[in-house]
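Since the structure of chain H is already known, use the hints to place chain S on it.
As given, the protein sequences belong to chains H and S, one line each in that order. The first sequence runs 3 to 423 under my numbering. The second sequence runs 5 to 388 under my numbering.
What the hints contain is simulated information worked out from the structure, not anything from laboratory work. Incorrect hints may appear among the rest.
Computed footprint of chain S on chain H, listed as stretches where at least three residues anywhere in the stretch have a Cβ under 8 angstroms from a Cβ of chain S [claimed, not checked]:
| hint | segment |
| --- | --- |
| 1 | 196-207 |
| 2 | 309-319 |
| 3 | 328-335 |
| 4 | 371-379 |
Mimicking DSSO-like on lysine-lysine, the simulated pairs with C-alpha atoms at most 27 angstroms apart in a straight line are [said to hold, decoys possible]:
| hint | chain 1 | residue 1 | chain 2 | residue 2 |
| --- | --- | --- | --- | --- |
| 5 | H | K296 | H | K235 |
| 6 | S | K138 | S | K213 |
| 7 | H | K176 | S | K87 |
| 8 | H | K296 | S | K138 |
| 9 | S | K87 | H | K114 |
| 10 | H | K246 | H | K94 |
| 11 | H | K154 | H | K176 |
| 12 | H | K235 | S | K70 |
| 13 | H | K296 | S | K260 |
| 14 | H | K94 | H | K181 |
| 15 | H | K176 | H | K246 |
| 16 | H | K154 | S | K87 |
| 17 | S | K260 | S | K87 |
| 18 | H | K94 | H | K114 |
| 19 | H | K235 | H | K246 |
| 20 | H | K409 | H | K19 |
| 21 | S | K260 | H | K235 |
| 22 | H | K176 | H | K114 |
| 23 | H | K178 | S | K87 |
| 24 | H | K235 | H | K114 |
| 25 | H | K235 | S | K138 |
| 26 | H | K19 | H | K114 |
| 27 | S | K70 | H | K296 |
| 28 | H | K181 | S | K87 |
| 29 | S | K260 | S | K70 |
| 30 | S | K70 | S | K138 |
| 31 | H | K181 | H | K154 |
| 32 | H | K114 | H | K154 |
| 33 | H | K94 | H | K221 |
| 34 | S | K260 | H | K154 |
Note that the Cβ used here is the ideal one computed from N, Cα and C, for glycine as well.
Residues per chain, in single letters:
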Amino acid sequence: MFLRLVYESFRRQTRRKLLAGIAIMLGVAVATAMIAVATDIGDKINRELRSYGANLVVTPQEDTLDVEIGGVNLKPPSDGSFLNEADLPRIKGTFWQHNIVGFAPMLPATVKVTTNSGAQDVALLGTYFAKALRFGRQDFVTGVRTTHPWWKVQGEWPSDESDDVLAGEQLAHKLKLEKGSRIELDNQSHRVSGILTTGGEQDQQIVAPIAVAQSILGKPGAVRRVYVSALTKPEDALARRDPKTMTPEVYDRWYCSPYVQSIAYQLQEAIPHSHAEQIRQVAQNEGTVLSRIKGLMLLVTFAALFASALAVSAAMATAIFERRGEVGLMKALGGSNAAIAALFFAEATLLAIMGGIAGYLGGVVLARQIGQAIFNSQITIQPVLFPVILTIAVIVTFAGSAAAIRKAVLFDPVFALRGEG
Amino acid sequence: MNSPAHQAHDVAGRRSGRPHTSMFMRMIWRAAVLRRGRALSALLAMVVAAAAATAMLNLYADVQAKLRTEFRSYGANVVVVGKDGTSLPEDALTRVESELGGRGMAVPFSYVVARTGAGQSVVVVGTDFQRVRKLNTWWSADSWPTSPGGALIGNRAKAVVSPSLTPFTLTFQGRTIEIRPEGTLQTGAAEDSRIYVGLPDFEGWTGVKPSTIEIAANGSAGEVEGTIQRLAQALPTADVRPIRQIVEAEGRVLGKTRAALLASTSLIILTAALCVLATLMGWVFDRRRDFAIMKALGASERLLNGFFAAEAATLGVVGALLGFVVGIGIAAWIGRVNFHAAVVPRFSVLPVVLAGSVVVALLSAALPIGLLRRVQPAMILRGE
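Chain H with its partners taken away, still in its complex shape (with noise of 0.2 angstroms):
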């Protein structure tokens, strides 16, 4: 009889159980999509950070000193030690292999440019833009096009295999280069594929794939330093402790942790001779504006939980107010209390988890949307969302209902009969 009571409610009253089934689905798709997008926003955010550049920086041990000012080197650039550029693809082998967005070395060298108007020193730097590189089954593609993503090029960005150079603004200007054009350097013939601005000094510069580098020093081979794009955990006291002096289960914790400092470490170990530090502008910001970001995101996924659960508690009372007359007549053929309050509690729950199933799906496809149309990317849903969006859908529904249920058993049925109340 119990069974045929639900049934039969949901099967006459098809609008009501819809409404309410429909205000049910929103709340539910809402608070998922909002969770999601919650969850996930502080890896999406700390991708877009990487836009800062390279959190870190290899350099090799034994090095000398810089002795750079504003991006010109009085340094001879064939002094002091290299890395070797074999060793890079190792980048990828390490622990947080899946953390190194990317990374690009560095060679500064100096060419002799000859124009019309007679020859002149200047600064060359070899780097890869978009290198394809292989780690045992791996491929993949890196260079400054993704560690520095705010250079930009006028023209076409050069292929790491050829002789094509880009220069760059300023330069470019006092030489009157433009794309396309050839230049003379160190008496070989190179063309200008396009201009390039970055807003330092790389601006007075020549910028040319590494092996154009290494062939000017006469060194094959030649890596100065590597910088390292990573995605990183936010520093924490552990983060900080010297891994000299942690026992074994400390130091598992901290190297199995994306800290700055443990991938440091990592880099370390996988290029010998290797010096690997933090460049702390970029990767000490990053801590605090992530976590700024992750929590309004987190405040704001609580007021939509808040609101999308008084909608669904509101239209739960409506729908249970508007049957009172069904109440009365139940009381006044000598239903218990009990009995009722039962019988629209199971429909409550029906309805919730019904309603639930079809707003988590909803609520997948909307995060889905949000995460296509803001970050250009999936947003990574966690299967386990979904058993605690179900438990949390019936237990609003619930607590949406109890107390409008409350009103309707207590009611007086003569009354509630009659139409009144």
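Okay, now just chain S, sitting in the frame of chain H:
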């Protein structure tokens, strides 16, 4: 439960006491008082919705400014350098400061290459420690020099010039200076290979004037752009450039955050509006008997519509005003918790919230009335 007889007596008594109040106003007032529970729940829904909308709109308007202050911890976003490596004019810093007018910070730097006693070249920088400490918060120095003659030694320079931080001499164009290291500096960038001394010491020793001023200009992208143009006019002999790494990344992260917040704001406001719609529709629908009685007593369609519309509008206005106050409070609380600075209340949000509330309230009244109009009053009164 109010007994009808008691009620009638009460009403009659009050009527004789108060001769001529408008019937219309009384109907609205009595409707709210007599069905306190239902009216309150409708009002509550309205207040919550208006509060959510106010808080989110306020937050959305203010979050840019809040986040921008956070982004300023990345340091300078504008740099002024002498054209072709020349020094800046004597009064460059004062001119920059007057152009900034307190909306930012400027730090001068001057550079030379000096030689150590062992003949090693090293870059020495003259700067204002007080200012640089505030601008470049990420500089990790174990102690900052306070007395004249004190210097900050970059981590890598330290290993070369003075591993145990003992005083040493530097030579520039035949003139020597005694450097007393007072702290070690670590940044992970070019600063690690340099030695920083106070500007007066530096000028007294080398006679070289500042060649670079790094500026952290506050404000939106447009305001920073304006600052750059004004600085370029004030300092015609200098190059004023934005630091694109900082400016572009900031714009990007800010844009994404705002977009995410906008999406959440619209979702929350939509949910809140739906909540109001559901509650109010229930409330109006619930009063179909009042509606039927009025109609049976000969009230015109216009009067009935006007009555319910006035009721809904009153509810909207009262709810919006209360909600606005609550919402301002919520926004301020979020600002304090997350940004450690209160969100400034924006009264420009009020008309938007007010209009929105009234529209939603009218809409939720119009739908059930539309349904009821087609039904004979007798049917409703019979309880069908």
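Here is what the structure says about each hint:
1. 196-207: holds (count 4)
2. 309-319: holds (count 7)
3. 328-335: violated (count 0)
4. 371-379: n = 4 at 8 angstroms, threshold three: holds.
5. H/K296 x H/K235: 13 angstroms, holds
6. S/K138 x S/K213: 22 angstroms, holds
7. H/K176 x S/K87: 13 angstroms, holds
8. H/K296 x S/K138: Cα-Cα ~25 angstroms, so holds.
9. S/K87 x H/K114: 23 angstroms, holds
10. H/K246 x H/K94: 25 angstroms, holds
11. H/K154 x H/K176: 19 angstroms, holds
12. H/K235 x S/K70: Between H/K235 and S/K70 the Cα gap is close to 23 angstroms, so the pair holds against 27 angstroms.
13. H/K296 x S/K260: 13 angstroms, holds
14. H/K94 x H/K181: 34 angstroms, violated
15. H/K176 x H/K246: Outside the cut-off at roughly 52 angstroms; violated.
16. H/K154 x S/K87: 23 angstroms, holds
17. S/K260 x S/K87: Status violated; Cα separation ~36 angstroms.
18. H/K94 x H/K114: 36 angstroms, violated
19. H/K235 x H/K246: Holds, at about 21 angstroms.
20. H/K409 x H/K19: 20 angstroms, holds
21. S/K260 x H/K235: Given that 27 angstroms is the threshold and the Cα spacing comes to 20 angstroms, the pair holds.
22. H/K176 x H/K114: Holds, at roughly 15 angstroms.
23. H/K178 x S/K87: Holds - the C-alpha atoms of S/K87 and H/K178 are around 18 angstroms apart, at most 27 angstroms.
24. H/K235 x H/K114: 45 angstroms, violated
25. H/K235 x S/K138: Distance of about 25 angstroms is within 27 angstroms: holds.
26. H/K19 x H/K114: Distance of about 82 angstroms is beyond 27 angstroms: violated.
27. S/K70 x H/K296: Distance ~14 angstroms between S/K70 and H/K296 Cα, so the pair holds.
28. H/K181 x S/K87: 25 angstroms, holds
29. S/K260 x S/K70: 15 angstroms, holds
30. S/K70 x S/K138: 18 angstroms, holds
31. H/K181 x H/K154: 13 angstroms, holds
32. H/K114 x H/K154: 25 angstroms, holds
33. H/K94 x H/K221: 24 angstroms, holds
34. S/K260 x H/K154: 21 angstroms, holds
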